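Asks: Under our numbering, the letters of the sequence shown match residues 1 to 281, in that order.
There's no promise every hint is true.
[Stated by the list, open to error] Derived CB-CB ranges, DEER-like:
1) Pro250 to Thr108: 37 to 47 Å
2) Arg182 to Asn215: 13 to 23 Å
3) Ser89 to Trp242: 42 to 52 Å
4) Asp29 to Asp231: 18 to 28 Å
5) Glu85 to Asn215: 23 to 33 Å
6) Ala71 to Thr108: 23 to 33 Å
7) Pro31 to Lys97: 21 to 31 Å
8) Arg160 to Leu109: 12 to 22 Å
9) Glu79 to Val184: 33 to 43 Å
10) Glu116 to Val184: 15 to 25 Å
11) Gly156 to Glu247: 37 to 47 Å
12) Asp29 to Thr229: 42 to 52 Å
The hints are simulated quantities; they were obtained by calculation from the structure and are not laboratory data. Everything numeric in this text was worked out from a predicted model, so none of it was measured. Beta carbons: idealized from backbone N, C-alpha and C, even for Gly.
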Amino acid sequence: MVPALSPSRAADFKQCPLLFRFRTIDKLDGPPSPAAARGTLVHEVLEHLFELPTAERTPEAALALLRPRWASLVEERPELATMLEEDDSLDEDGWFKDAGALVERWFTLENPQWLEPAERELYVETEIDGLTLRGYVDRLDIAPDGAMRVVDYKTGRSPREAFEGKALFQMKFYALVLWRQRGVIPKQLQLVYLGNGEIVRYEPDEHDLLGLERNVRAVWQAIVRASETGDWRPRTSRLCDWCDFKEFCPEWGGTPPPLPADAGRLVLDPSVTGEAHVGDD
1 MVPALSPSRA ADFKQCPLLF RFRTIDKLDG PPSPAAARGT LVHEVLEHLF
51 ELPTAERTPE AALALLRPRW ASLVEERPEL ATMLEEDDSL DEDGWFKDAG
101 ALVERWFTLE NPQWLEPAER ELYVETEIDG LTLRGYVDRL DIAPDGAMRV
151 VDYKTGRSPR EAFEGKALFQ MKFYALVLWR QRGVIPKQLQ LVYLGNGEIV
201 RYEPDEHDLL GLERNVRAVW QAIVRASETG DWRPRTSRLC DWCDFKEFCP
251 EWGGTPPPLP ADAGRLVLDP SVTGEAHVGD D
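Given the sequences, and given the hints that come with them, work out the whole structure.
Replies: Shown next as structure tokens:
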């Protein structure tokens, strides 16, 4: 069984080893948030819009997809419906209106009538030195000359420079996997921030991706060492403000749950550390 790593789990460890442990080993999970669910819905709408004929890819058509796509998501994940029903402070119509505003903003940034993606929600995977790297690409555009553009939708606002490294790490991770899969370095990485209507573009080169590959290897080696020693120490940062697990964190006066006896096995289980989902942010 070849171990695996996804960009989201690698980013968790880089941000805070204890966060990685909570999510992958202890299987702690915060409740679905309205913002995260809205992001999932917007990803769904933008994916399925491209199933329509070119001339029909209009803002009106996209908005009409919101409730049908939400119904499909709720069928797959009933807890999403519970989230809306149980939050007394949440106005369902307002929540859908906010999702619609994000969809409409996308049309000010890109014109889907001029786009014909080569792939949508593309699963990518490659093996490097006995470690499988895998994830989902929101959209892959391929030009007539074969140049690839990797596109990722973000429903939040573009981060300040100090926080943009996580998003670029994710995109370079996808670029590395595609390069190893297809033998071609993507020409452009494009982050579409719908929260404030900004597009961030980056052109990776071989030096970039070789550096990223070394970084990923080092992250994996550190994960394995932590699993062998049981040392999943927290790393504090401004991102702690948004953490769902403060009650278990020693830095915030909490106590982690007992470390599972099979923690070492879980780290080597590709379904755990390689966990990846469509629309991962």
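Asks: Does each hint hold? Answer for all of them.
Replies: Against the structure, the hints:
1. Pro250 to Thr108: 37 to 47 Å: holds, 45 Å
2. Arg182 to Asn215: 13 to 23 Å: holds, 21 Å
3. Ser89 to Trp242: 42 to 52 Å: violated, 18 Å
4. Asp29 to Asp231: 18 to 28 Å: The hint (18 to 28 Å, Cβ to Cβ) holds, given that Asp29 and Asp231 are roughly 23 Å apart.
5. Glu85 to Asn215: 23 to 33 Å: violated, 43 Å
6. Ala71 to Thr108: 23 to 33 Å: holds, 27 Å
7. Pro31 to Lys97: 21 to 31 Å: holds, 22 Å
8. Arg160 to Leu109: 12 to 22 Å: Given about 20 Å between the Cβ atoms, the range holds.
9. Glu79 to Val184: 33 to 43 Å: holds, 40 Å
10. Glu116 to Val184: 15 to 25 Å: holds, 19 Å
11. Gly156 to Glu247: 37 to 47 Å: violated, 24 Å
12. Asp29 to Thr229: 42 to 52 Å: Cβ of Asp29 to Cβ of Thr229: about 25 Å, so the range 42 to 52 Å is violated.
In this structure, the earlier hints numbered 3, 5, 11 and 12 are contradicted, and the remaining ones agree with it.
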